[in-house]
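Trainee: If you want the building blocks of each chain, they are given just below.
Number of protein chains: 2
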Amino acid sequence: MRKKSVEVCLTPAVYDTFKSDNAIVVVVDVLRATSAICTAFMNGVKKILPVATLEEAKAYKKKGYMVAAERDGIVREFADFGNSPFNFTPERVRDKEIVYSTTNGTNTIMMAAHSYQVLIGSYLNHGALVEHIIKEDRDLIILCAGWKRKFNLEDTLFAGALAEAVLQNKGFESICDSTLAAIDLWNIAKKDLIGYIDKVAQRHRLKKNKLDDVIGYCHTFDITKKIPVLKENYLVPVSG
Amino acid sequence: MRKKSVEVCLTPAVYDTFKSDNAIVVVVDVLRATSAICTAFMNGVKKILPVATLEEAKAYKKKGYMVAAERDGIVREFADFGNSPFNFTPERVRDKEIVYSTTNGTNTIMMAAHSYQVLIGSYLNHGALVEHIIKEDRDLIILCAGWKRKFNLEDTLFAGALAEAVLQNKGFESICDSTLAAIDLWNIAKKDLIGYIDKVAQRHRLKKNKLDDVIGYCHTFDITKKIPVLKENYLVPVSG
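As given, the protein sequences belong to chains A and B, one line each in that order. My numbering applies: residue 1 is where the first sequence begins, and numbers increase by one. My numbering applies: residue 1 is where the second sequence begins, and numbers increase by one.
What the hints contain is simulated information worked out from the structure, not anything from laboratory work. Idealized CB from N, CA, C, for every residue including glycine. Heads up, some of the hints might be wrong.
Straight-line C-alpha distance at most 20 Å; calculated PhoX-like pairs for lysine-lysine [to be verified]:
1. A:199 / B:3
2. A:19 / B:148
3. B:58 / A:148
4. A:199 / B:4
5. B:210 / B:225
6. A:199 / B:47
7. A:3 / B:19
Computed, partial: chain A to chain B, Cβ under 8 Å [said to hold, decoys possible]:
8. 74
9. 114
10. 148
11. 177
12. 180
13. 181
Please build the complete structure, drawing on both the sequences and the hints.
Mentor: Written as C-alpha cells, this is what we have:
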C-alpha cells in the first residue's frame, strides 16, 4: 500500500502548489490564533466562525455576535476581545458561538476549506492531533500561517514537531524539502524552545505591544485533547 | 548610521514581500543554473542573455545564437546544450554570447531586474560575493530560485552560508526569520555538506536523469572571483 505523504507548506503564499482535495490540512498559527482556538475549545466554546476580513467581523458584531478580532496583535475597537489565548476563558466562552478574525490565522483556515479535513493545530493539542492523523491515514499538509505571506519560525518549528511525530508511523513518508527543513529546525530548537523563540520576529512584535505573556503557554505540549475541525464554515470539536 | 539589512527570500513566490529598488539581490539556484552561470564566466564567456520562456530561447536559436536550455533538468532538443556546469567549457564559451533558459533560475533573475543590482551567486564565487556585498554596503536580499515556486533546501543552505558570512561584518543585520532559519540549517549541513545534500529532492531528480555528477562541483567554495551581474538584460562580469 502506498505510504501517505507528509508535507509542510511554509507560507500560505505557496499553498496552491500543495493543494489536494483528499488531504488533511493542519493549520498552524502558534502565536497566537491556533493556540487561542484550541484554548477556546478546551474551555468549552460551542463553535467558532473564522472570518477573513474585519468588515465581516464588524457586521457580525452588529448582529449581536460575540466577536474576537485583531490586526497586528492589537484588538480592534469594535470587538469584544482580541487574539490572546488568555481571553478565551471558560467564563467567557463556554457554550458560546464566537466570530473570530486575525491577521494571518483565520484567512489561512478558509483557504484550506476545499480539502478533506481542516484541523487546527498547536502545541496544546499536539498529541491528540498525531493520534487522529494516524488513525485517519491520509496525506497530510501542515499549513503554516506565517506572517503576511512571509515565512515565520514559530509555525515552522511546530510543523517540524508534528511532522516528526507523524513520521514515526511507518505508514507515512516525507516528500518535500520543507518537511526536512522544518524537522531539522525543530531538532535545534527543542533543546531550549523558549530560548530559541526569543529570536523570532513575532516575539519582538508581541513584546513591543506587551503581548508576549503568552509565549510560554503557547509552547506547552498537550494540555487538551480537543481538535477543532472546520465543518460548513464553522470550527467545532472533531468528536462533536 | 543605519545597519544594512540581510534578508533571505526562500522562494520567488514571496519575492513581492521583499522587493526593494535599492537593494542588492543575489539570485541562487545552486543545482544548477547559477553554478553553471558562474562557471561560464570563469571560463571566459562574454555575456549571457537569460530568457524566461523556451519560446524566446527557440527564437534566438533561429536567429543563430548559441542557446542553453532545459526544463526539469533535461536539455531541449533545439538547444546547443543544457544546464550542467560541465557544458560551459572554455572551448565552447570563451568570448561567446549565450542565450540561457532554465526551469527556475532564469526567470528568477529577470524578476529582480528592478533592483539596484542583481548578482549571480553560488558556492563557486562565495568569497568574492561576500567581499563585493560588504564593499557596496547596501541592503541585501538573497533570492532562492527554489523549485517551481516551492522551497528547496540546497538554495536555502547557500543563502545561510552567504548570510552568515556577510553578517560577520558589523554594518549588516538580520531582519527576518527566514535568514535565521537559513543560517541554522547551514550550520547543521556544513558539517557534512554532500552527505546532507543527499536527502534533498533535487538530488533525487538529478540522479533519476543521471545528472547528479555535478553535486560535488556545485558545492565547492571559491573556485572563481567572477561575479555575474545583470546589466540591460544581459549578464556580464561585475568588473567588466
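Trainee: Hint by hint, say whether it matches the structure.
Mentor: Against the structure, the hints:
Proximity of residue 199 of chain A to residue 3 of chain B is assessed by CA-CA distance (about 18 Å); at most 20 Å being required, the pair is judged to hold. For the hint pairing residue 19 of chain A with residue 148 of chain B, the CA-to-CA distance comes to about 14 Å; that is within 20 Å, so the pair holds. Taken as a hint, the residue 58 of chain B and residue 148 of chain A pair is broken in the structure, with Cα atoms around 39 Å apart against an allowance of 20 Å. Proposed proximity of residue 199 of chain A and residue 4 of chain B is supported: the alpha carbons are some 19 Å apart, at most 20 Å.
With a CA separation close to 29 Å, the supplied pair residue 210 of chain B and residue 225 of chain B exceeds the 20 Å bound. Restraint check for residue 199 of chain A and residue 47 of chain B: the C-alpha separation of about 42 Å exceeds 20 Å, so the hint is violated. About 40 Å separates the Cα atoms of residue 3 of chain A and residue 19 of chain B, which puts this hinted pair outside 20 Å; it is violated. Interface hint at residue 74 of chain A: violated, since its Cβ lies 21 Å from the closest Cβ of chain B, which is beyond the 8 Å cut-off.
A distance limit of 8 Å between C-beta atoms decides the matter here; for residue 114 of chain A the minimum to chain B is near 19 Å, and the interface restraint is violated. Using the Cβ-Cβ criterion of 8 Å, the hint placing residue 148 of chain A at the interface with chain B is satisfied: the shortest such distance is roughly 7 Å. Taking 8 Å as the C-beta cut-off, the interface hint given for residue 177 of chain A holds, the closest approach to chain B being about 4 Å. Among the interface hints, the one on residue 180 of chain A holds; its C-beta lies about 6 Å from the nearest C-beta in chain B, closer than the 8 Å criterion.
The criterion of a C-beta within 8 Å of any C-beta in chain B is met by residue 181 of chain A, whose closest approach is roughly 6 Å, and the hint holds.
Taken one by one, the earlier hints fail for this structure at numbers 3, 5, 6, 7, 8, 9, listed in ascending order.
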